[in-house]
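Chain order of the listed sequences is H and V. Per the numbering used here, residue 1 is the first one in the first sequence, and the count goes up by one each step. Per the numbering used here, residue 1 is the first one in the second sequence, and the count goes up by one each step.
What the hints contain is simulated information worked out from the structure, not anything from laboratory work. Some clues are possibly wrong.
What the hints assert, rightly or not - Example chain V residues on the side facing chain H (calculated, C-beta under 7 Å, incomplete):
| hint | residue |
| --- | --- |
| 1 | 169 |
| 2 | 172 |
| 3 | 173 |
| 4 | 215 |
| 5 | 216 |
| 6 | 253 |
| 7 | 254 |
| 8 | 271 |
| 9 | 274 |
| 10 | 293 |
| 11 | 295 |
| 12 | 298 |
| 13 | 299 |
| 14 | 339 |
Stated by the list, open to error - List of simulated lysine-lysine pairs, DSS-like, C-alpha gap at most 30 Å:
| hint | chain 1 | residue 1 | chain 2 | residue 2 |
| --- | --- | --- | --- | --- |
| 15 | H | 169 | V | 339 |
| 16 | H | 51 | H | 101 |
| 17 | H | 42 | H | 228 |
| 18 | H | 42 | H | 100 |
| 19 | V | 51 | H | 339 |
| 20 | V | 101 | V | 51 |
Small disclaimer: the values here were computed from a predicted structure and weren't measured. Note that the Cβ used here is the ideal one computed from N, Cα and C, for glycine as well.
There are 2 protein chains.
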Amino acid sequence: MAELKNDRLLRALLREPVDVTPVWMMRQAGRYLPEYRDTRAKAGDFLSLCKNRELACEVTLQPLERYDLDAAILFSDILTIPDAMGLGLYFEEGEGPRFKKTIRTEADVAELAVPDATTDLDYVLAAVKEIRSALAGRVPLIGFSGSPWTLATYMVEGGSSRDFRHIKKMMYATPEVMHALLDKLAQAVIGYLNEQIRSGAQAVQIFDTWGGVLSGPLYLEFSLRYMKQIVDGLIREREGRRVPVILFTKNGGQWLEAMVEAGADALGLDWTSDIADARRRIGDRVALQGNLDPSVLYAPATRIRAEVADTLARFGSGSGHVFNLGHGIHQYADPEVVKIFVDAVHELSVPYH
Amino acid sequence: MAELKNDRLLRALLREPVDVTPVWMMRQAGRYLPEYRDTRAKAGDFLSLCKNRELACEVTLQPLERYDLDAAILFSDILTIPDAMGLGLYFEEGEGPRFKKTIRTEADVAELAVPDATTDLDYVLAAVKEIRSALAGRVPLIGFSGSPWTLATYMVEGGSSRDFRHIKKMMYATPEVMHALLDKLAQAVIGYLNEQIRSGAQAVQIFDTWGGVLSGPLYLEFSLRYMKQIVDGLIREREGRRVPVILFTKNGGQWLEAMVEAGADALGLDWTSDIADARRRIGDRVALQGNLDPSVLYAPATRIRAEVADTLARFGSGSGHVFNLGHGIHQYADPEVVKIFVDAVHELSVPYH
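Based on the sequences and whatever the hints tell you, model everything.
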């Protein structure tokens, strides 16, 4: 493997000194980029794009050509695991993800087999290898997975949801079935992320997009517990370096102290949290990633720079901050404006290091 | 007006002693009740039901016939104000509310007139009078309005939204236009709630359903500020009693200390907050309302009672707690099960008073 030329991300995730604050964006390879839309059109649809290693590699690298980003993130979908479990993932235009089969009963859960990533998700691992090789040490590659709870919401609801009716019913009415499903998913995620690491991922992020719809005690029982199980099962060192783990629960700002206990190296913050407050609460134990509202990119350039400056000032001096948006970049963001954002992070963070 | 026989709600909202913890449910007059669905079918559609004072009164009283609730809440919609401003509210089956006209520019905002509740929203006031009279002092009547920020989200987006793209763009790109819109809405809400109070509402709740999609600083600037303006402008005493104001920001659990400053008598909590923690933080200054996850009603009876017991224990001894769900009751809740919930609150709260 080529030597890593820019290791700011890995250093900041481990709270080691850096020259400037590293920055990447959730969903940085995405629809806001015209070149992404072109590649996707070439692939046919979203899933075909995920399953074609050359094209997945192409879109992963596109934002790095435009912006001075400090990381690449594997282009894939969070729902690859349930798809590999035979649920039949498909996308309806403007409707988000859907599954042909839903999981709602004890029998449904019993029938599910934990996928073997090396065979059932080989297309993802092929993409990881392809990207890692194409990066040639330019920046580190982040691998990722959805959290067990988040994956389960889609599997039980059959797609996106507003009220999470079926899964909450399952959780309250048959908690043991819910736990059986989450345990299988945790095993699947461990295998999947470890294979991503073996294939070249240098850091991994667990996306818990829907943990925030739970009450505190249920978040601990049904989401955080399984993320801890995953963190405990992950390869933490590879190629002579630590492989940092980032845990991101959207709307999890009230539970940061509990999240630290899961053992990840860094926690992602959405934009509703105050990063100064988060650092006071847990910054001596983990790095923090975030947390600008993606909608800030709709503001004029001076306002974007002011918001970046404010977030940097709130975090304050020293390492342990990876700049990011508080959620995935919107598809309507202006690609020209994104450059202002990324450059502002590097330029304005110098005094803090 | 008939003398109020059950004033537990008003007393608890003012942190005065009560015999048991009062309970009501957001959206208690709603689709989960077969008799509601019958009345709605009689009315034709949802808006016709809101606009017919006899039928609005009928559905408001329906849950009180079934359950030992300590309050009635006006049956209406949060979007009556923008409808009165000429935006053309309509509902598409399964799609939620929509507006024929959207508000996105300075000119759009300039054209908006603040409605006069006594003429433009007279149907709501007629329903308030009808309900108050029909209640005959049984329990107090709660009036309500959407918060300016929440109303604005629907007016700018043209309906429900997931990413709040247009309004966030407006907020970041033209904050002065956003403020002009919110100021008009705050004036409208003040007039509207004061007329509800003059017509017989004995407490009022401001629903800030979408304040939680903002960052902390923007929540203060674009949502809380206008709720404070409303609280400052409300009639606070009527018929020789204080008219308590309840403020409810969904996903606002991180900002409770700031919310207290708005001057409301009580804050509503959604189910993601820990009511013990909330009481520690602000319970010496306001009452707390909440906060069981509405999905708990899908659980077996013993679990529902255990969850009620847990919430009561977390709040602890003394007055200042109004039991409620952390959000509106789901349409798929079983009406028989709701009785178990309501009765459990009264039965299990005795030792705390």
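**Study point:** Unsatisfied constraints (hint numbers, rising)
**Key:** Failing hints, ascending: 14, 17, 19.
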